[in-house]
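Trainee: Input sequences plus hints: build the corresponding full structure.
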Amino acid sequence: MGTKKTGRRRTPASAPCPSCGRAFARNDSLSRHLKTHADHLEQRPFHRIIHDKFRACHRCRRAKIRCTGSLPCARCEQLKQECNYDHDQKQSKHSTTWTTSSSSTPPPQQAEKPPGSQVQSPTPSLDDEPTPTVTPLVSTMEEITLALDAPNSPPNGVSLAVTSPDSTATMLHLSLSSTLDNPVAHFNDGKNISAIQSTYVSPTLHILDPYSYKLPSIADSREAPTPSSQPLGNCRYAVLHYLSPFMDRDLGPSLACDLLDTYFSSAFSSRMHPTCHHIHNFILRRCDVLDALQPRKTHPGLLASMLFVAALSDKALGLFSGPEERDRVCKYLSLLTYRLLNPSRYEPLLSREDLGLPSALCSDPGWTNEDLKRALDAQQQTDIFPVTWGMDYVIALIHVSSVISGSEKKAASIRWWSVTFSLARDLKLNEEVESFILPPDTGDGYPDVNCTCSLGHEATGDVVSEVHREERRRTWWLLFLMDRHLALCYNRPLALLEAECANLLLPLDDITWQSGSPLHSHGTRTDGPRCILLPSGNGRLHGPPSVCSGEGLFEFFLPLMTITGHLLDYNRAKNNPVLASAASSMWTSQEHRILRELDQYQATLNHLTTRSGTDPGPDKGSPWMTSPALTVEDSEATHISQTVSGYATHVVCVLRILVGSKWDPVCLFEDADFWTSSLGFKDSMSHTMAASECVTQILEHDPDVSFMPYFFGIQLLHGSLLLLLVAYRLQGDSGTAILAACEAVIRATEACFVTLPTDYQRQFRNVMRSAIALAKGRRNNPVDTEKQLTFVLARYRWSRNGAGLAR
150 MGTKKTGRRR
160 TPASAPCPSC
170 GRAFARNDSL
180 SRHLKTHADH
190 LEQRPFHRII
200 HDKFRACHRC
210 RRAKIRCTGS
220 LPCARCEQLK
230 QECNYDHDQK
240 QSKHSTTWTT
250 SSSSTPPPQQ
260 AEKPPGSQVQ
270 SPTPSLDDEP
280 TPTVTPLVST
290 MEEITLALDA
300 PNSPPNGVSL
310 AVTSPDSTAT
320 MLHLSLSSTL
330 DNPVAHFNDG
340 KNISAIQSTY
350 VSPTLHILDP
360 YSYKLPSIAD
370 SREAPTPSSQ
380 PLGNCRYAVL
390 HYLSPFMDRD
400 LGPSLACDLL
410 DTYFSSAFSS
420 RMHPTCHHIH
430 NFILRRCDVL
440 DALQPRKTHP
450 GLLASMLFVA
460 ALSDKALGLF
470 SGPEERDRVC
480 KYLSLLTYRL
490 LNPSRYEPLL
500 SREDLGLPSA
510 LCSDPGWTNE
520 DLKRALDAQQ
530 QTDIFPVTWG
540 MDYVIALIHV
550 SSVISGSEKK
560 AASIRWWSVT
570 FSLARDLKLN
580 EEVESFILPP
590 DTGDGYPDVN
600 CTCSLGHEAT
610 GDVVSEVHRE
620 ERRRTWWLLF
630 LMDRHLALCY
640 NRPLALLEAE
650 CANLLLPLDD
660 ITWQSGSPLH
670 SHGTRTDGPR
680 CILLPSGNGR
690 LHGPPSVCSG
700 EGLFEFFLPL
710 MTITGHLLDY
720 NRAKNNPVLA
730 SAASSMWTSQ
740 EHRILRELDQ
750 YQATLNHLTT
760 RSGTDPGPDK
770 GSPWMTSPAL
780 TVEDSEATHI
790 SQTVSGYATH
800 VVCVLRILVG
810 SKWDPVCLFE
820 DADFWTSSLG
830 FKDSMSHTMA
840 ASECVTQILE
850 HDPDVSFMPY
860 FFGIQLLHGS
870 LLLLLVAYRL
880 QGDSGTAILA
890 ACEAVIRATE
900 ACFVTLPTDY
910 QRQFRNVMRS
920 AIALAKGRRN
930 NPVDTEKQLT
940 FVLARYRWSR
950 NGAGLAR
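With positions in the sequence shown counted from 1, the corresponding number in my numbering is that position plus 149.
The set of hints was computed from the structure by calculation and includes no laboratory data.
Honestly, I wouldn't trust all of these hints.
Each computed DSS-like pair below joins lysine-lysine, with the alpha-carbon atoms no more than 27 Å apart [said to hold, decoys possible]:
| hint | residue 1 | residue 2 |
| --- | --- | --- |
| 1 | K229 | K464 |
| 2 | K229 | K213 |
| 3 | K723 | K831 |
| 4 | K936 | K558 |
| 5 | K446 | K577 |
| 6 | K936 | K925 |
| 7 | K831 | K925 |
| 8 | K464 | K558 |
Mentor: Below, the structure written as structure tokens:
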């Protein structure tokens with residue numbers, strides 16, 4: 150009888166770890182977990198330490214990130230820090246700092262922090278050496294302090310040591326308070342205002358390192374970072390100093406400046422057109438923000454949102470070493486923007502989860518206006534906020550709302566846009582602001598909205614600059630067209646009415662606005678803004694426009710959105726159960742009114758395109774003018790004109806389709822009233838084919854659909870529903886023209902998805918592909934095609950209770 154073989158001893162189910170108590174159901178899982186409690190030197194092979202392939206500098210070793218091994222390494226060279234490979238001395242110093250409550254040989258500038266206190270007063274003698282006391286790691290991490298560096302210490306040797314604060318206000322009081330013994334320089338004087346290093350210490354030491362691939366992002370932290378006075382060294386743009394007290398120093402000034410350059414980058418050389426997909430048009434002037442001597446007094450939240458949307462653009466890909474680094478920086482900037490905007494006052498409307506951030510374990514109030522004032526004006530010389538900060542807050546909300554609505558959280562974006570609309574109305578951006586702010590004791594009088602050129606020396610209040618007045622107009626009109634676009638996307642009523650802004654001047658064209666020349670408020674009405682330097686016969690119009698006047702967004706797309714608002718009101722009134730029983734003549738007259746507006750717009754668009762194509766310019770065509778610069782400029786002008794004409798004509802065709810067609814895809818495919826057999830279907834189908842020709846023209850001049858991807862997607866969807874219906878119903882009898890139009894729509898949808906990916910475009914592209922496959926006789930599985938079509942059509946509804954794309 151043989152010996153009995155001893156069976157393998159297995160760990161019972163839910164075996165706890167003897168070190169931390171965590172339960173594990175598998176033996177191998179527990180074995181792997183026990184290795185995490187082993188000493189670092191025990192589990193790392195010795196040959197990897199001495200091999201040149203795995204050597205890392207001191208800073209990369211401390212951060213536990215990948216190092217290039219050169220001298221200096223790539224990370225230290227980019228951060229402009231000292232790079233060395235003296236591991237033995239640095240490691241012993243580092244371990245002593247983290248495992249003892251006080252160093253045996255403290256530096257002269259460091260002061261001990263007794264338990265229960267945050268600020269340590271200077272001791273009479275610094276020669277006494279305390280006895281090192283070893284403490285547990287957890288308690289030591291809770292008592293970590295950040296002291297002043299030697300160059301930044303006050304003359305009397307007083308040092309300031311602070312711990313992780315319980316609240317933002319407490320930390321602000323510690324880091325931003327100034328006394329006669331410890332002065333803090335002004336923020337706006339352009340000098341070093343650093344009185345303390347970055348005071349951000351999270352409970353788990355999650356500090357941002359945009360060049361790390363292992364450390365978690367600052368967005369994973371549950372504690373709000375506190376503002377400090379750490380300046381941005383070697384910063385090209387002085388405006389970023391408004392953001393430096395709140396920005397982590399590891400972000401780097403060069404990256405922040407590059408992101409600001411990306412924000413103001415233009416797709417064309419002759420006119421400024423944003424390349425960032427979440428920026429619809431430039432509200433601020435580049436020359437004002439990037440001025441080296443007197444930059445615009447910009448809200449820190451607006452600056453953070455500008456860097457955030459710039460980091461999301463495709464043009465910023467070259468600024469990062471990989472997608473993980475870009476995602477880390479984007480998460481940090483989104484959290485920084487959220488805390489600077491301080492949207493806790495609007496909770497639960499606006500939440501961190503809308504930006505993809507983890508939910509806060511405790512209340513995260515962010516920074517209030519008083520906190521911002523203490524951070525930017527340490528001497529408390531004035532209690533008045535810059536007059537532009539209210540509008541800056543609205544622009545920052547526009548940036549954040551655009552990012553959320555461009556993602557898959559479209560329903561959440563409606564709440565952000567609603568807050569933005571309400572705040573803009575509260576700030577009265579829809580009205581002309583007075584030329585100067587009257588003193589409080591001045592009685593009510595007739596408001597003076599004339600140009601500042603008309604003001605004399607008797608104006609005793611603060612004069613409102615023409616640049617700020619124009620920024621207010623551009624902000625409102627951008628919100629106005631966004632409201633129409635969102636109402637079409639989400640099947641919701643209009644939030645901003647035309648009657649609210651009937652007396653507001655239209656914005657200037659983009660070329661004049663970005664040129665940096667002096668501005669004038671001069672309208673055509675006698676009761677509106679007038680300028681004494683301009684003739685009274687001409688001027689800017691008031692109220693929402695309805696004709697095309699140029700190639701800028703406010704010149705060709707704002708009139709289209711005005712007509713879209715009329716169409717949206719007409720459609721909601723027609724679907725209203727009370728008004729549905731009205732006479733058909735009333736609806737017919739309204740349709741004719743909208744069609745006349747479209748005809749008038751198309752006529753002005755054709756005139757503008759013809760004029761830009763036939764205008765020879767100065768001495769154009771002369772045999773002596775052979776400068777290549779003029780040729781490039783003329784070629785770009787023609788390209789812009791044809792691109793604008795293609796997009797504008799496509800929107801006109803889509804609006805003509807929506808006038809006589811059904812908006813809801815389910816009702817369109819059910820065809821309960823046999824609308825497909827009526828004359829209206831024939832007219833709508835002709836406009837659909839014209840829209841597909843415009844799509845072909847758009848792809849020819851703008852292959853990646855980057856000119857206006859945010860607005861083009863919904864227009865492409867509504868302009869191709871009839872093509873999907875015909876291709877699915879007729880299948881093999883569709884004809885080559887229908888199939889060619891469907892192919893053009895698919896190519897445009899794929900280009901939109903690559904430029905600004907959204908789920909509804911991917912779903913619609915798959916359904917259109919299946920319909921074309923059926924039309925060409927490739928019957929893969931008709932049942933699956935039917936299910937897919939039903940799912941997509943039922944998901945995006947434009948019925949009375951439908952929410953459009955907000956699903």
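Trainee: Sort out which numbered hints this structure fails and list those numbers smallest first.
Mentor: none
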